[in-house]
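A.B. asks: Sequence:
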Amino acid sequence: MARKRFDDSTCSVARALNEVGDWWSLLIVLQAMYGTRRFVDFQQELGIARNILVDRLCKLVDNDVLRRVDVGEHGPRHEYRLTDKGRDLFPVVIALRQWGDKWNPAPDHQRLDLRDRRSGQPIRQIAVQDEKGNPLSVRDVFLQNDPEDDSRSSSA
Numbered sequence: 001m002a003r004k005r006f007d008d009s010t011c012s013v014a015r016a017l018n019e020v021g022d023w024w025s026l027l028i029v030l031q032a033m034y035g036t037r038r039f040v041d042f043q044q045e046l047g048i049a050r051n052i053l054v055d056r057l058c059k060l061v062d063n064d065v066l067r068r069v070d071v072g073e074h075g076p077r078h079e080y081r082l083t084d085k086g087r088d089l090f091p092v093v094i095a096l097r098q099w100g101d102k103w104n105p106a107p108d109h110q111r112l113d114l115r116d117r118r119s120g121q122p123i124r125q126i127a128v129q130d131e132k133g134n135p136l137s138v139r140d141v142f143l144q145n146d147p148e149d150d151s152r153s154s155s156a
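Every letter in the sequence shown is one number past the one before it in the numbering used here, and letter 109, counting from 1, is 109.
Think of the hints as simulated: they come from the structure by calculation, not from any bench. Some hints could be false.
[Claimed, not checked] Think about it this way: if two alpha-carbon atoms lie no more than 35 Å apart in a straight line, the pair counts; the simulated DSBU-like pairs of lysine-lysine are: (1) K102 - K85; (2) K85 - K59; (3) K102 - K59; (4) K85 - K132; (5) K132 - K102.
[Claimed, not checked] Pairwise CB distance ranges, derived in the manner of DEER restraints: (6) R38 - R115: 42 to 52 Å; (7) Q125 - D22: 20 to 30 Å; (8) D70 - V141: 44 to 54 Å; (9) R115 - Q44: 22 to 32 Å; (10) Q44 - D22: 17 to 27 Å.
Keep in mind it's a predicted model, so treat the numbers as computed, not measured. Just so it is clear, CB atoms sit at the ideal spot from N, CA and C, and this is done for glycine as well.
Work out the full structure: start from the sequences and follow the hints.
C.D. replies: Written as C-alpha cells, this is what we have:
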C-alpha cells in the first residue's frame, strides 16, 4: 500500500512531513547538523541499511534539505551538506530533542548537553511566544482559517 502524500494539502505540517516526516530522514538531518557529511559516516553513525540511506539521502536532496557536493580530487567522492532549508530545521530538531528528554528520557537518564558555542551556557527550552516574547501554550492560540475572518471560534 502506497503512503499518502500531502503535497496539495492546505496544512503546512502535512506538507513538511512529506519532505522530512520519517524518522530516518530526521536522524540524517540531525547527523548532518552534527557535521556528518559522507555516506559511510551516516551509515556508521546511524546503523542504517544502505538501501534506506540511499533512498532518504536522495529524497532529502530532491527536497533541497541537503545538497550533494562532489569533493573528489582523484575521482568521484560526494558529501552531503545542509542547505538553508535544512539548517532551518534546527529549531524543529531541538524541540523534538527537548520533548524526548522530558517524555522519553534515555534509559540511563543522561541527556545530551547542548550548549551555546560562544557562552558555554546551556540552551533554553524552545517555546512558542507571542509577538512580545511571552510564552504561549496550545490553549492560548486559535486557528484562523480565513485571514479576512476575525472570528476566534476555532481553537487548536
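A.B. asks: For every hint, state whether the structure bears it out.
C.D. replies: Do the hints match the structure? See the list:
1. Between K102 and K85 the alpha-carbon distance is near 27 Å, which keeps this suggested pair within the 35 Å criterion.
2. Restraint check for K85 and K59: satisfied, since their Cα atoms lie roughly 14 Å apart, inside the 35 Å limit.
3. Using a Cα cut-off of 35 Å, the hinted pair K102 and K59 holds, with the two alpha carbons roughly 30 Å apart.
4. For the proposed pair K85 and K132, the alpha carbon gap of about 26 Å is at most 35 Å, so the pair holds.
5. With a C-alpha separation of about 26 Å, the suggested pair K132 and K102 falls inside the 35 Å cut-off, and the hint holds.
6. The hint said 42 to 52 Å for the Cβ distance between R38 and R115, and at roughly 26 Å that hint is violated.
7. Between Q125 and D22, the C-beta spacing of about 26 Å keeps the proposed range 20 to 30 Å intact.
8. Distance hint for D70 and V141: a CB-CB separation of about 45 Å, consistent with the stated range 44 to 54 Å.
9. In this structure the hint that R115 and Q44 lie 22 to 32 Å apart at CB holds, the actual value being about 25 Å.
10. At roughly 20 Å, the beta-carbon separation of Q44 and D22 lies within the given 17 to 27 Å, and the hint holds.
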